[in-house]
Amino acid sequence: MASASLNLISGATLISQGAEAKVYKARLTSEPSDPAVLLKHRFRKGYRHPTLDGSLTRARVAGEARALLKCLRAGVNVPGLRMVDAVEGVLGIEWIDGQSVRKLLPGGAGEDEDGASEDDPEDADSLNEYDIPVDILMQLIGQEIAKMHLADVIHGDLTTSNMMLRHPSSFKSRHPTLSTELVLIDFGLSFHSSLIEDKAVDLYVLERAFSSTHPDSEPLFASVLTAYEQRMGKDWTAIGRRLDDVRLRGRKRSMVG
Amino acid sequence: MPGRVRQIPLKNPDRPYLAIGLEGSANKFGAGVIRHREDGSTVVLSNIRHTYITPPGEGFQPRDTALHHREWALKIINECLVKANVSMHDVDCICFTKGPGMGAPLQSVALVARTLSLLFDKPLIGVNHCVGHIEMGREVTGAQNPVVLYVSGGNTQVIAYSRQCYRIFGETLDIAVGNCLDRFARVIDLSNDPAPGYNIEQEAKKGKRLLTLPYATKGMDVSFSGILTAVEAYTFDKRFRADGQPRNPDDQDIITPADLCFSLQETIYAMLVEITERAMAHIGSKEILIVGGVGCNERLQEMMSIMAKEREGKVFAMDESFCIDNGIMIAQAGLLSFRMGFETPLSKSTTTQR
Chain A
1 MASASLNLIS
11 GATLISQGAE
21 AKVYKARLTS
31 EPSDPAVLLK
41 HRFRKGYRHP
51 TLDGSLTRAR
61 VAGEARALLK
71 CLRAGVNVPG
81 LRMVDAVEGV
91 LGIEWIDGQS
101 VRKLLPGGAG
111 EDEDGASEDD
121 PEDADSLNEY
131 DIPVDILMQL
141 IGQEIAKMHL
151 ADVIHGDLTT
161 SNMMLRHPSS
171 FKSRHPTLST
181 ELVLIDFGLS
191 FHSSLIEDKA
201 VDLYVLERAF
211 SSTHPDSEPL
221 FASVLTAYEQ
231 RMGKDWTAIG
241 RRLDDVRLRG
251 RKRSMVG
Chain B
1 MPGRVRQIPL
11 KNPDRPYLAI
21 GLEGSANKFG
31 AGVIRHREDG
41 STVVLSNIRH
51 TYITPPGEGF
61 QPRDTALHHR
71 EWALKIINEC
81 LVKANVSMHD
91 VDCICFTKGP
101 GMGAPLQSVA
111 LVARTLSLLF
121 DKPLIGVNHC
131 VGHIEMGREV
141 TGAQNPVVLY
151 VSGGNTQVIA
161 YSRQCYRIFG
171 ETLDIAVGNC
181 LDRFARVIDL
191 SNDPAPGYNI
201 EQEAKKGKRL
211 LTLPYATKGM
221 DVSFSGILTA
231 VEAYTFDKRF
241 RADGQPRNPD
251 DQDIITPADL
261 CFSLQETIYA
271 MLVEITERAM
281 AHIGSKEILI
291 VGGVGCNERL
301 QEMMSIMAKE
311 REGKVFAMDE
321 SFCIDNGIMI
331 AQAGLLSFRM
341 GFETPLSKST
351 TTQR
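If you're matching them up, the sequences are chains A and B in order.
So the first sequence is numbered by full-length UniProt numbering: it starts at 1 and just counts up by one.
So the second sequence is numbered by full-length UniProt numbering: it starts at 1 and just counts up by one.
If you're looking for bench data, these hints aren't it; they were derived computationally from the structure.
Mixed in with the good hints there might be a few duds.
As the list claims (entries may be wrong) - Distance condition first, Cα-Cα at most 30 Å in a straight line; then the derived DSSO-like pairs of lysine-lysine:
| id | chain 1 | residue 1 | chain 2 | residue 2 |
| --- | --- | --- | --- | --- |
| 1 | A | K22 | B | K238 |
| 2 | B | K314 | A | K234 |
| 3 | B | K75 | A | K25 |
| 4 | A | K103 | B | K309 |
| 5 | B | K218 | A | K147 |
| 6 | B | K309 | A | K25 |
| 7 | A | K22 | B | K122 |
| 8 | A | K22 | B | K11 |
| 9 | B | K218 | A | K70 |
To be verified - Negatives, chain B to chain A, calculated, CB over 12 Å:
| id | residue |
| --- | --- |
| 10 | Y17 |
| 11 | R163 |
| 12 | D221 |
| 13 | M271 |
| 14 | S305 |
| 15 | A308 |
| 16 | E312 |
| 17 | K314 |
Ideal Cβ positions, reconstructed from N, Cα and C, are used throughout, including at glycine.
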């Protein structure tokens, strides 16, 4: 009856429930030395017609796995792929020890949420612990996105919650001065495209995420763009121009009147 | 668990306040009178609406809609005052829709509001249509700090309150969901009475076959124009039977208008529920409020409550008298801002389509 992947999930610990998937921490084998994996289960959505739900889930799991592979080959920092079960909607990826960038930046820790008071010891992580100045962090973000775009992968949901810093205690950096590494996660909405348009929209999504989660973050995003620009080289001119166009779009972004 | 309870800066009124609201941003003209009592409670004294209905296959043009509003405005306002048993002299402020909406209808209603304001020497309050929907929704349902799905003929937005502002988290990139439904109703010649979307909903109940349509969510945004094209294309498919009947007993592989309505509803509502869920996960809220004309759709409400149950959340939805554009919501939002000390001077009483 229950498939192997569902068995795996039944023995795993639920970490969180995102918008479309439940996230678990599990081990693929019973070997205690086996490193943990993160299981992302796109569970059945009761509200969706079963046919529609099935085809969407299959397409999304397969798409996410494909994008991760493409990034890994291109040397973008993303979690490694461990297992794929498109029919059940289960994706297994490398477990990353660390913290999301959102929680490390001012405003992201939960001023907008009700979780501000319940201080998890894990949430108490600060940038000091990662030994990284904010502008270096912004540079890393810009570089990683540029690497991904050079590989023609569009993330589709760039936010500060979808970026993680590896915790220095569990990570051996090859970099002389940095003890951490920025990892892009959650490729659930990603797709393959070489269009300037898609890359510009990707950046615009991040810009909006910055301004909606982190107050007064314009200079932060500006330094992300500068690093992106350097890494993209000659491709930047067209993307930058398109980004200006995209900003003027949106129908009623500012609710005035 | 509801999201963080919003701090309300507004104190209970020292005396009862009365406001009249005029709405006419699309094909409905509405007027309503609302009273805020000293104990903080709110009474709807009257809520009257007249809809401009066009023949099947046609939409409403701005010019004709404005004509309709001009023709009905005074009758409806009178009726609304009589029903509320108040006189124009009693009201504290006159609230009107400033936008967004169709230019011509908005202007004709703003003109009425300005005239009344000068005649009776009452302050004018310009109200944002979307905020009107949200404030009335909060008032009727008691939702504290919900994620708002605002779905109507002209708007499709996921909105939440954050840092003293209603912010748009996701919206349509092209046409509104109601526009998509209305235009498809025209393609298959459904009646515009009482509303094209209502007739699609009834038709969809007879549909069985789920046809493949594009599924276009992009982050928290959605897009409907491609879906409209795709569903229209099915009406040119050789399996399509406009009357819904097989030509002979062997004619089984057919597509009926009901199937198309069913597929269209299933697809676009799944998209709307998905972006709402994304916004909920993003914000960490457990409450959902559905407002706007499409919000009366029972299938959308049903899908939303299944999603809410999966997340241990709660859905707040309303019936058509408050979902569909109405004057009372303008009165409610306007009176709230009036009590906060806001007024729109005559020289600023313009309208905006955006």
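Tested hints:
Our distance criterion of 30 Å between C-alpha atoms is broken by A:K22 and B:K238, whose separation comes to about 42 Å. Taken as a hint, the B:K314 and A:K234 pair is broken in the structure, with Cα atoms around 50 Å apart against an allowance of 30 Å. Of the supplied pair hints, the one linking B:K75 and A:K25 is violated, its CA atoms being roughly 65 Å apart against a limit of 30 Å. For the suggested pair A:K103 and B:K309, the alpha carbons sit about 28 Å apart, so the restraint of at most 30 Å is met.
Among the hinted pairs, B:K218 with A:K147 is consistent with the structure: their alpha-carbon atoms are about 22 Å apart, no more than 30 Å. Under the criterion of a C-alpha separation no larger than 30 Å, the hint pairing B:K309 with A:K25 is consistent with the structure, at around 24 Å. Taking the CA atoms of A:K22 and B:K122, the gap is near 55 Å; set against the 30 Å cutoff, the hint is violated. With a C-alpha separation of about 42 Å, the suggested pairing of A:K22 with B:K11 is violated against the 30 Å cut-off.
For the given pair, B:K218 sits about 21 Å from A:K70 by alpha-carbon distance, which is consistent with the 30 Å threshold. Even its closest Cβ contact with chain A, about 23 Å, leaves B:Y17 beyond 12 Å, as expected for a residue assigned away from the interface. With a least beta-carbon separation of about 7 Å from chain A, B:R163 fails to lie farther than 12 Å from that chain, contradicting its non-interface assignment. Under the 12 Å C-beta cut-off, the non-interface status given to B:D221 relative to chain A is violated; the minimum distance is some 9 Å.
Against chain A, the non-interface label of B:M271 is violated: not every CB pair exceeds 12 Å, the least being about 10 Å. A cut-off of 12 Å between C-beta atoms contradicts the statement that B:S305 is not in contact with chain A; the least separation is 8 Å. Not every Cβ of chain A is farther than 12 Å from the Cβ of B:A308; the closest lies at roughly 9 Å, contradicting the non-interface assignment. Once the 12 Å rule is applied to beta carbons, B:E312 is inconsistent with being away from chain A; the minimum gap is 9 Å.
Non-interface call for B:K314 relative to chain A: holds, since the shortest CB-CB distance, roughly 15 Å, exceeds 12 Å.
Violated hints for the displayed structure, listed by number in ascending order: 1, 2, 3, 7, 8, 11, 12, 13, 14, 15 and 16.
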